[in-house]
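Here are the chains, one letter per residue:
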Amino acid sequence: MNVLAAAVFNLNHPAHTVDWEFIHLSVANVVVIGLMFVVFFLALLLPFPGATRRRGGAS
Amino acid sequence: MPPSPAPTAPDAHSWTVKVREAGVEALPPEKLLPDGQPTYVASWIYMFGVASIASLIVIIGSGSILALKGPAWWHYTGVGHFFNSIHMWAVELFFFVMVVHLWGKYWMAAWRGGRTRVWITGAIIFLVAVPTALTGYVSQQNFDAQWISTQAKDGLNSVGVGAFFNVTNFGQMYSWHVLLLPMAVVLLVSAHVLLVRTHGVVPPFELEKRPEFAPVAAPAADGAVSAAGQQS
Amino acid sequence: MSRFSRMIHPKDDTQQWKGRYYPYDLVKELFIAVGVITLLALVLTILFSSPDDKPSTIAQWSQQKPADFTTAAVKELDGTSPTAEYGPPYNHNGTGQEAWIIKPQKWLGVSHPIDTELDFVVGPLETIPGDPALTAALAQYKTAPEKQKKEWAEAYAKPLEETATAEEEKKTPPNTVTESNGTVIVKTSGNAGPVPVMMTSLLAMAKSGGVDGSLLTSKQFFQTDYTKPLLFMADGGLLSERAQEQHLLGDQWGMMNETGSYPGQAWLWLYALWYQVEPFKSSENADILVMIIMGVLSLAFICIPFIPIVNRVPRWIPIYKLIWKEHYRSEQSA
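Residue numbers (the numbering used here), protein chains in the order written: chain H, 1 to 59; chain W, 1001 to 1232; chain A, 2001 to 2334.
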């Protein structure tokens, strides 16, 4: 059952960091934070399904 | 069909009757579980509240499986490690979607129209989720837990919290993590959602000042859900 | 409405929605959301799994870094270790952190008493049976006056601290501390009394795992409190050495990080940030100062609906026009 503990990508090595002035963030955290902004803006921009129903048409 | 257990005339002094009537008055079934939403609910940003709840469900589900076998299990079995991974990624997803939800609600000024308690409960959920995660990190029984607990103790001791909340005491931290703090989060989320149901989703900002908010005409024949019977 | 109350609670002309509704299945939405999140968690698990770096033990610490262990141990004995001088909630040997007149660490007192001399050194050594040299050394130590105990311990600690400082500053250490066959030999300039025998015995006990066990035991059989072994290890260099490799130190923004290359606690970014800037960076009271700032900001976060300017920004910066674009378009065409 140890196959369940295995991973496609092994992240068990010391992190690479993004460094700027006094800011030192791990790449993983920068990716997460970056993705949050991307997802937020996509959520604002992408059309939401059901426009026809909201206009009063057939669903 | 068996006879109803209720007396024919409800006793006005009965606590049960009072609680029931207050509950039904505040949130009648159609308001507690409405089958329609205002037409301005038309953005993907509205999905992040339910995504937060969904993440919490996956966290509690995976956490329950970890709790079934005890805190050491995931270190020495593949299945245990698998559920630990689900739990960890669900936590990352939870904070991810919850913060995006928070951003959306801020830019909507979703506290408007008497909804300040919705904002307040939401903010408190975030602030309680942080120590909930911390107690999880220090309960891992690995090097990460050793490091985080020996570091976090300094912050907590500095404000006196360490006197009764000892992050290096595994037994205490595990209890807080598995029972007390998740219970607090679930209770707060329930209050938050019930308040949203009570007040409805916040309407849009007016684009221009209008002397009155003109109500739209009654239900069309095309099946659009009308405003009748719906509370906003 | 007074000017003040208008400031904290701007005029809210939000009306109850009297417009149209459309069919919306909340229960189905919840099920779909749970399905999507479960799938995402599954995919991330399959791709990346999760970290599980094995914990350090005192046995490993003493085997891998015997001089570092011995240095920490003698400082526990002479009361100069970080734990010994910590103050509440462990002891009264320090006042703890403070911010002006605010001293909660001191006010809340000692709730988890730790006497480093007794708990980390003398107590564990007393459990070793059948060692006449150790028994005699302990007897000599315990019956000596406090001043004598301190002199012995400091005489033994001095070369060890000098060597540790030289190594930290990447200078050539003096030849007063040598390791031979896993034991640590310290050339003291003064009289260290029974302390060398005690330290050598403690090192041997630690390597066998005896100190791990001894520090975990207390008044009862079942144990769940790891405070003592953790504080002892944290007084040494092994945990911080591992932490540095994993980018977990304070000046590495460590509190946001996870071991390995996994994402950590990104939500702690603001809490971590304060520690990188003055005056907090070099302050002895950094923890309480940062906690106070974060406490105030957390309260402000809860009270955003009442904070002037902050509660109006969403109106001024019209991100809401993106959220409600369909609504505004249909209003205009109506």
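Honestly, the hints are just simulated from the structure, not real lab data. Just to be clear, a hint being listed does not mean it is correct.
Below, a list of computed lysine to any residue pairs in the SDA-like style, where the Cα atoms sit at most 20 Å apart [claimed, not checked]:
#1 W:Lys1031 - A:Pro2023
#2 A:Lys2054 - W:Lys1031
#3 A:Lys2325 - H:Val39
#4 A:Lys2054 - A:Leu2297
#5 A:Lys2325 - H:Gly34
Label pairs and their calculated CB-CB ranges [stated by the list, open to error]:
#6 A:Lys2028 - W:Leu1127: 47 to 57 Å
#7 A:Thr2176 - W:Val1186: 43 to 53 Å
#8 A:Val2313 - H:Val30: 54 to 64 Å
#9 A:Glu2029 - H:Arg55: 17 to 27 Å
#10 A:Glu2029 - W:Gly1061: 12 to 22 Å
#11 A:Val2313 - H:Gly56: 32 to 42 Å
Computed, partial: chain W to chain H, Cβ under 7 Å [claimed, not checked]:
#12 Trp1073
#13 His1075
#14 Tyr1076
#15 Leu1195
From the three backbone atoms N, C-alpha and C, an ideal C-beta is built for every residue, glycine too.
Checked hints:
1. W:Lys1031 - A:Pro2023: holds, 14 Å
2. A:Lys2054 - W:Lys1031: violated, 51 Å
3. A:Lys2325 - H:Val39: holds, 18 Å
4. A:Lys2054 - A:Leu2297: Not satisfied, since the Cα-Cα distance of roughly 36 Å exceeds 20 Å.
5. A:Lys2325 - H:Gly34: Distance ~25 Å between Lys2325 of chain A and Gly34 of chain H Cα, so the pair is violated.
6. A:Lys2028 - W:Leu1127: 47 to 57 Å: violated, 31 Å
7. A:Thr2176 - W:Val1186: 43 to 53 Å: Once the Cβ atoms are compared, 60 Å apart, the range 43 to 53 Å for Val1186 of chain W and Thr2176 of chain A is violated.
8. A:Val2313 - H:Val30: 54 to 64 Å: violated, 26 Å
9. A:Glu2029 - H:Arg55: 17 to 27 Å: holds, 20 Å
10. A:Glu2029 - W:Gly1061: 12 to 22 Å: Roughly 18 Å apart at Cβ, these two residues keep to the hinted range, so it holds.
11. A:Val2313 - H:Gly56: 32 to 42 Å: holds, 35 Å
12. Trp1073: At about 12 Å, which exceeds the 7 Å cut-off, the nearest Cβ of chain H leaves the hint on Trp1073 of chain W violated.
13. His1075: violated, 10 Å
14. Tyr1076: violated, 10 Å
15. Leu1195: Where the cut-off is 7 Å and the nearest Cβ of chain H is about 23 Å from Leu1195 of chain W, the hint is violated.
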